[in-house]
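Just so you know, our numbering puts the end of the sequence shown at 373, numbered straight through with nothing missing.
Since the hints were made in silico from the structure, they are not lab data. Here the structure is a predicted model, which means the values were calculated and not measured. Treat the hints with care, since some could be wrong.
Derived pair list, reagent style DSS-like, types lysine-lysine, alpha-carbon separation capped at 25 Å [as the list claims (entries may be wrong)]: (1) Lys-227 - Lys-292; (2) Lys-111 - Lys-281; (3) Lys-292 - Lys-250; (4) Lys-227 - Lys-195; (5) Lys-250 - Lys-227; (6) Lys-349 - Lys-227; (7) Lys-349 - Lys-250; (8) Lys-227 - Lys-30; (9) Lys-111 - Lys-195; (10) Lys-254 - Lys-227.
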Amino acid sequence: MDFSSFSFDPRIMSNIALSGYETPTPIQEKTIPAILEGRDVLGLAQTGTGKTAAFALPILQRLMGGERCVRRALVISPTRELAEQTHQAFETLGKNTGFRSMSIFGGVTAKSQIKTLKGVMPEIIVACPGRLLDLMGQGFVDLRSIEILVLDEADQMFDMGFLPSIKKIIAALPRAHQTLLFSATLPSEIRSLAKQFQQNPVRVEIGDSKPVETVSHYISSVSQGDKYEALRSVLGGINEGQTLIFTRTKHRAKKLALQLTNAGYNSTSLQGNLSQGQRDKAMSSFRSGRSKIMVATDIAARGIDITQISHVINFDIPDTPEAYTHRIGRTGRMLRKGIALTFVTPEDKQVLRAIERFIGAPIARMPLQAVGL
Numbered sequence: 001m002d003f004s005s006f007s008f009d010p011r012i013m014s015n016i017a018l019s020g021y022e023t024p025t026p027i028q029e030k031t032i033p034a035i036l037e038g039r040d041v042l043g044l045a046q047t048g049t050g051k052t053a054a055f056a057l058p059i060l061q062r063l064m065g066g067e068r069c070v071r072r073a074l075v076i077s078p079t080r081e082l083a084e085q086t087h088q089a090f091e092t093l094g095k096n097t098g099f100r101s102m103s104i105f106g107g108v109t110a111k112s113q114i115k116t117l118k119g120v121m122p123e124i125i126v127a128c129p130g131r132l133l134d135l136m137g138q139g140f141v142d143l144r145s146i147e148i149l150v151l152d153e154a155d156q157m158f159d160m161g162f163l164p165s166i167k168k169i170i171a172a173l174p175r176a177h178q179t180l181l182f183s184a185t186l187p188s189e190i191r192s193l194a195k196q197f198q199q200n201p202v203r204v205e206i207g208d209s210k211p212v213e214t215v216s217h218y219i220s221s222v223s224q225g226d227k228y229e230a231l232r233s234v235l236g237g238i239n240e241g242q243t244l245i246f247t248r249t250k251h252r253a254k255k256l257a258l259q260l261t262n263a264g265y266n267s268t269s270l271q272g273n274l275s276q277g278q279r280d281k282a283m284s285s286f287r288s289g290r291s292k293i294m295v296a297t298d299i300a301a302r303g304i305d306i307t308q309i310s311h312v313i314n315f316d317i318p319d320t321p322e323a324y325t326h327r328i329g330r331t332g333r334m335l336r337k338g339i340a341l342t343f344v345t346p347e348d349k350q351v352l353r354a355i356e357r358f359i360g361a362p363i364a365r366m367p368l369q370a371v372g373l
């Protein structure tokens, strides 16, 4: 199957080609037809599977036949970074169609967002829940014309405490609208959300809970006190791509990034104590490639979508199997090859067994010097 099978508008087809897409990924192949038919969709897929294009392309096509300068599609995202990336995807895939997209998020002044809302109305809004509710409360956003709602990374939004906000937003929508819900996992709260707000959804499940197949997984046994030197040994063998390192706490992320910088590595950190300006600076440095290494915590790293990430290193093993899948999903994106290495201390054995049960396969044990980095 190729993208011509979906009968997209020629302008959209041209943008697909310019974006470098050749054939649909499994999530795109299975969800695009259902969305084009106007069906509700419950999509279960890991990050890095082409999910954004899976809903952006059919949304653009569905909007082709209706009104302009009216809010018609709303995408709810858990983080500013994901909202910005999704907004840019709509801009790129919708080039020359005349459709406009805007992103709404907190952490920055609302003035420019309000100015955009007061101007020529964008048909597509990509928003984080908190700032969207603020602007709705001030009367700057009216959702009564929305035809399509996307809840992206729904499980992450639940983890971040956004579920009550999402329900308030949905209550402001017209009764008749299409709801697309995407999630990497399906906890009971997200199942309840889908049951409450979706009508006979088409369920699409890609890859179950297993990490993407293009990622090679390794674990290395190391004591807590030897982790830093082990990390430097591993980093010394990485000659290309960018590396994302996960720690369990904000303090350790900041400390480790400083240690690496002092040792001569181009590194930065992304953790919860940063201001929005500092966060933007760190993301810009990593995205542009000026920083080859980023040290991050789980929550701070949500929404990172950088295809150049070739290595993920779990300096600290994640607390849950689900978190392991989320972390590893930052590499091997869009079927590129990636390497994931987890440091395991003697105290981590129980968590490691839980991760291996969750993904349904043992992870290769390799001494540090033998890992093909």
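The hints, checked one at a time:
1. For the proposed pair Lys-227 and Lys-292, the alpha carbon gap of about 20 Å is at most 25 Å, so the pair holds.
2. A hinted pair counts as satisfied when its Cα atoms are at most 25 Å apart, and Lys-111 with Lys-281 qualifies at roughly 21 Å.
3. Between the alpha carbons of Lys-292 and Lys-250 the distance comes to roughly 20 Å, so the proposed pair stays at or under 25 Å and holds.
4. For a cut-off of 25 Å, the pair hint linking Lys-227 to Lys-195 is broken: about 45 Å separates their Cα positions.
5. Of the supplied pair hints, the one linking Lys-250 and Lys-227 holds, its CA atoms being roughly 17 Å apart against a limit of 25 Å.
6. Between Lys-349 and Lys-227 the alpha-carbon distance is near 16 Å, which keeps this suggested pair within the 25 Å criterion.
7. For the suggested pair Lys-349 and Lys-250, the alpha carbons sit about 23 Å apart, so the restraint of at most 25 Å is met.
8. For a cut-off of 25 Å, the pair hint linking Lys-227 to Lys-30 is broken: about 43 Å separates their Cα positions.
9. Restraint check: the Cα-Cα separation between Lys-111 and Lys-195 comes to about 37 Å, which exceeds 25 Å; the hinted pair is violated.
10. For the suggested pair Lys-254 and Lys-227, the alpha carbons sit about 16 Å apart, so the restraint of at most 25 Å is met.
Hint compliance for this structure: hints 4, 8 and 9 are broken, all remaining hints hold.
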